[in-house]
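In case you want the letters, here they are:
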Amino acid sequence: MTSLRTDRFTRTATLTLALLGSAFAATAAVAADVNIYTSRQPELIQPVLDAFTEETGLSTATIFIDKGLEERVKAEGANSPADLIMTVDIGRLDAAKQAGVVQPVDSAVLAENIPDSFRDGENEWFALTARGRVVYASKERVDTDAISYEELADPKWKGRLCTRSGQHQYNIALIAAYIAHHGEEAARDWVTGLRDNLARRPEGGDRDQAKAIFAGECDIAIGNTYYVGQMTTNEKEPEQKEWAKAIKVIMPTFDNGLTHVNVSGVALAKNAPNKENAIKLMEFLSGDTAQKIYAELNYEYPVEPGIETSDLVKSFGELKPDTLALDEVAAHRTKASEIVDEVNYDGGPQS
Amino acid sequence: MSAIRPARGWPAILPMRRKGKGDGGYVATALVLAALVAMPFLALIWLAVSGTSSNWSHLATTILPEASLVTAELMLGVALLTGTMGVVTAWLVATFDFPGRRLFSWALVLPLAVPTYIAAYAFVEFLHFAGPVQTAIRALFGYSSSRDYWFPEIRSLPGAVLILSSVLYPYVYLTVRMVFLMQGRKAADVARTLGASQATIFLRILLPLARPAIAVGVTLALMEAVNDIGAVEFLGVRTLTFAVYSTWLNRGDLYGATQIALLMLAVIVLLVTIERLARRQQRFTLGRSDRPQPGSERLSGGRGFLAVAACALPIILGFAIPLLVLGDYALRRLDQLADPQLWRAFRHTVALASITGLVTVTVGFLLAYGVRLTGSKRLVLMSRLAVLGYAVPGTVLAIGILIPLAGLDNFVDARMRETFDVSTGLLLSGSGFAIVYAGFVRFMAMGHGSLESGFAKVSTHLDMAARTLGRAPGATLIEVLLPLMRPALLTAFLLVFVEASKELSATILLRPFDFETLATFVYAQTSRSAFEEGAVAALLIVLVGILPVAILNRSILAETARS
Chain V
6 MTSLRTDRFT
16 RTATLTLALL
26 GSAFAATAAV
36 AADVNIYTSR
46 QPELIQPVLD
56 AFTEETGLST
66 ATIFIDKGLE
76 ERVKAEGANS
86 PADLIMTVDI
96 GRLDAAKQAG
106 VVQPVDSAVL
116 AENIPDSFRD
126 GENEWFALTA
136 RGRVVYASKE
146 RVDTDAISYE
156 ELADPKWKGR
166 LCTRSGQHQY
176 NIALIAAYIA
186 HHGEEAARDW
196 VTGLRDNLAR
206 RPEGGDRDQA
216 KAIFAGECDI
226 AIGNTYYVGQ
236 MTTNEKEPEQ
246 KEWAKAIKVI
256 MPTFDNGLTH
266 VNVSGVALAK
276 NAPNKENAIK
286 LMEFLSGDTA
296 QKIYAELNYE
306 YPVEPGIETS
316 DLVKSFGELK
326 PDTLALDEVA
336 AHRTKASEIV
346 DEVNYDGGPQ
356 S
Chain G
-17 MSAIRPARGW
-7 PAILPMRRKG
3 KGDGGYVATA
13 LVLAALVAMP
23 FLALIWLAVS
33 GTSSNWSHLA
43 TTILPEASLV
53 TAELMLGVAL
63 LTGTMGVVTA
73 WLVATFDFPG
83 RRLFSWALVL
93 PLAVPTYIAA
103 YAFVEFLHFA
113 GPVQTAIRAL
123 FGYSSSRDYW
133 FPEIRSLPGA
143 VLILSSVLYP
153 YVYLTVRMVF
163 LMQGRKAADV
173 ARTLGASQAT
183 IFLRILLPLA
193 RPAIAVGVTL
203 ALMEAVNDIG
213 AVEFLGVRTL
223 TFAVYSTWLN
233 RGDLYGATQI
243 ALLMLAVIVL
253 LVTIERLARR
263 QQRFTLGRSD
273 RPQPGSERLS
283 GGRGFLAVAA
293 CALPIILGFA
303 IPLLVLGDYA
313 LRRLDQLADP
323 QLWRAFRHTV
333 ALASITGLVT
343 VTVGFLLAYG
353 VRLTGSKRLV
363 LMSRLAVLGY
373 AVPGTVLAIG
383 ILIPLAGLDN
393 FVDARMRETF
403 DVSTGLLLSG
413 SGFAIVYAGF
423 VRFMAMGHGS
433 LESGFAKVST
443 HLDMAARTLG
453 RAPGATLIEV
463 LLPLMRPALL
473 TAFLLVFVEA
483 SKELSATILL
493 RPFDFETLAT
503 FVYAQTSRSA
513 FEEGAVAALL
523 IVLVGILPVA
533 ILNRSILAET
543 ARS
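Line by line, the protein sequences are chains V and G.
With our numbering applied, the first sequence covers 6 to 356.
With our numbering applied, the second sequence covers -17 to 545.
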């Protein structure tokens, strides 16, 4: 039916495509002793992974995937090369569990290193580092050194509060924790109160809120602890040191006197091809060596009890992490996200 | 292959052709390719209907009305602004002579090399409280706090319109300039001899004449504005795409998210269809012209200055400001240039963009030829649908690719294990294949326009002559059409290359282990609020784009000259 020439053309085209395809397929074959899908930025885990390789001789390979990590593992199914899933935010850890792409790990080492409140009840995920969701307050314009989360909605802060988008995972987790403490109705009132206190529409990241305080746009803001550390030590952009100088960290508390923390963590992939090595790495990550590196690297709080935080982090004051189980926080995320939309938090101040 | 007979009403090459000799396999290939392009959409539709989204009442009452309005406003703004910027600049460089015209003619394409998310970051840095503009204002008037004075908020809907338009207007500029230089020139000359003023010519002749070209350019700009997440998220503009992501990630509702994405797609299809229907009765015949002749009416004095300002402004906004901000950060991080990882990312970016460009152009070319050959209504429809990949948020499209590909991989793997006891693993979904696939589905829109108009310029008589002389369709393609289509192919390739080198959302989800591109490199930094650490890589993305953009400009002019 086809002439010789057409045939040749089709064949050439097909061949070219096949060649290109296989050339690319070859890159997929790269794999190590432990393969990690991570939504944690490579810079923040590489030093710990290097230490692991040094100690055990086992190599690691990573792919940094943000949105859609669970969907990818799920779609890959039985053939997924992922051994470990590392991610930030309790919501993402829980999402991996709910998507059914992880499996429980029964390890005495992990159980000993990681306190109960920092791991899943069914041992399907384990937190590795914690960060407080705290208040940045203007040194100049805010006198108080203690504040509760509830108080942030007090009208005395009207026109003085800045935050990033209410739909950001860190804020969602905070609101979810509020729901866990006070129930849905109280949480809606609280978010409404926060909204009415906003100085401007929520935007940017946590650092931008510190910048806004520096600029005089607002007096208090909500942000994670480690950003303050990053800004304080930013030699390349000394301007950020000024932002950090303009603010002080206040550890806000719920009525139990404890502060909301979020976590970064790790889970074993359901179809991990190198299960044994992967568990070795998990245990390593929860141990002294890795926890110390974490503490220094990114100004976070190690989850293993007894490991010191960096001096800079100590200067923020003492963090007393909320003992509310993180999976309970995760359970309220959908509701939290809906409340943010319902009160149109991201629309900013209403008047 | 009786189904592929030319349908009534569609122009086919050989209306009375010999029955199918040589066409069959050819058209089958085109159909397969069209099916490949359609697959991710089918997967998304399947995904959208497979889940029971319990959230629709929430979506319908709280999110969708507001998000739809914001999206509509964004689209309207971007359409008007890209349209204005693109048409006015194209008109100026095509009609008048003024200082720097040759330079502008080229430099006006440059913003195309700047990704929207990078432009957004750069603008915010440039205009924020501690940025150069406000610092100067404070120094000038002696203010100390942002509460002392009013300054427009760039993180807003108007800000997003301005930023997106500043880097997207070149789509309009490129397509419209071509029309002004070619058909427009002759018509304008005639009108001129009849005593019409330049303003009259512009409004009554050139603008109506350029309408299809404007539509093509604005559509591309709109699709990109609608699928954008990086810029709008950073700017706090809650579009439907923003709702797609919050529905999916914060409320764990991928089905609902897919439904919103498909809804957006439907709206785009509707708009494009309406526009096409509205000018169905009009005929736009391509006149033959000699070399494209830019007009020679000299603008001097105040008018010359205005022309220079009108051409310089878009370049300053869409190129100079981003470059300035990136350059400032990059200068303090030149040590990153010694990082071998950066250069690996650079090579990956160039390789990926080249392969994606080649594949996309090949597929687009074969599809367009299939249409030309047969006029098959089905192919026409499919080739129109093929451009829609650009209107879907990248990550969502990537999921539409991931699910069927991984499914196929696992199916093959299971069969191979059963039969030969070997595991093939994830052949396609775990490799560069998936990224290239995503790239061509996403960027078909870039290549399609230039290929379609390229084919339109080659008289079908040439095909017929070749066929009469005994050449099969494939031979006709290679010996006759390919050489004639070279400029159009180059244009399509370069457009796709530039887009692919900026691509982020699909690459980041689909890539294999240890595969960084410049865009993923930048993203890893920005996702931990350290955009400045990614400045060197961001600058490299722009540089990777500049060369093709420059060639693109020449290629389009050459193409214009040929027809």
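Errors might be hidden in some of the hints.
Which bits of chain G does chain V cover? Going by a derived footprint, with three or more residues having C-beta under 8 Å, they are [stated by the list, open to error]: (1) 397 to 411; (2) 507 to 514.
Partial selection, computed: residues in chain V whose CB lies under 7 Å from chain G [what the hints assert, rightly or not]: (3) 47; (4) 77; (5) 84; (6) 100; (7) 117; (8) 210; (9) 347.
No lab work stands behind these hints: they were computed from the structure.
Built from N, CA and C at the ideal position, the CB exists for glycine as well.
Quiz item: Quick one, is the residue 117 of chain V hint okay against chain G at 7 Å, beta carbons?
Solution: Hint violated; residue 117 of chain V Cβ to chain G Cβ min 30 Å, cut 7 Å.
Quiz item: Regarding the hint that residue 77 of chain V lies at the interface with chain G, is the smallest CB-CB distance below 7 Å?
Solution: At about 6 Å, which falls below the 7 Å cut-off, the nearest Cβ of chain G leaves the hint on residue 77 of chain V intact, so it holds.
Quiz prompt | 8 Å C-beta test of the region 397 to 411 of chain G against chain V, three or more residues | solution = Holds, because 6 residues of the region 397 to 411 of chain G bring their Cβ atoms closer than 8 Å to Cβ atoms of chain V.
Self-check item: Satisfaction of the residue 47 of chain V interface hint, Cβ to chain G closer than 7 Å
Solution: At about 6 Å, which falls below the 7 Å cut-off, the nearest Cβ of chain G leaves the hint on residue 47 of chain V intact, so it holds.
Exercise. Closer than 7 Å between Cβ atoms is the bar; does residue 210 of chain V clear it against chain G? Give me holds or violated.
Key: 4 Å, holds
Quiz item: Should the interface hint for residue 347 of chain V be scored as holding, given a Cβ-Cβ cut-off of 7 Å against chain G?
Solution: 5 Å, holds
Exercise. Report holds or violated for chain V covering the region 507 to 514 of chain G, Cβ cut-off 8 Å, minimum 3 residues.
Key: holds (count 6)
Quiz item: Holds or violated: residue 100 of chain V as interface residue toward chain G, Cβ cutoff 7 Å?
Solution: 6 Å, holds
Exercise. Hold the hint about residue 84 of chain V up to the distance rule: shortest CB distance to chain G must be less than 7 Å.
Key: 5 Å, holds
Comparing the model with each earlier hint shows a violation of hint 7 alone; every other hint is respected.
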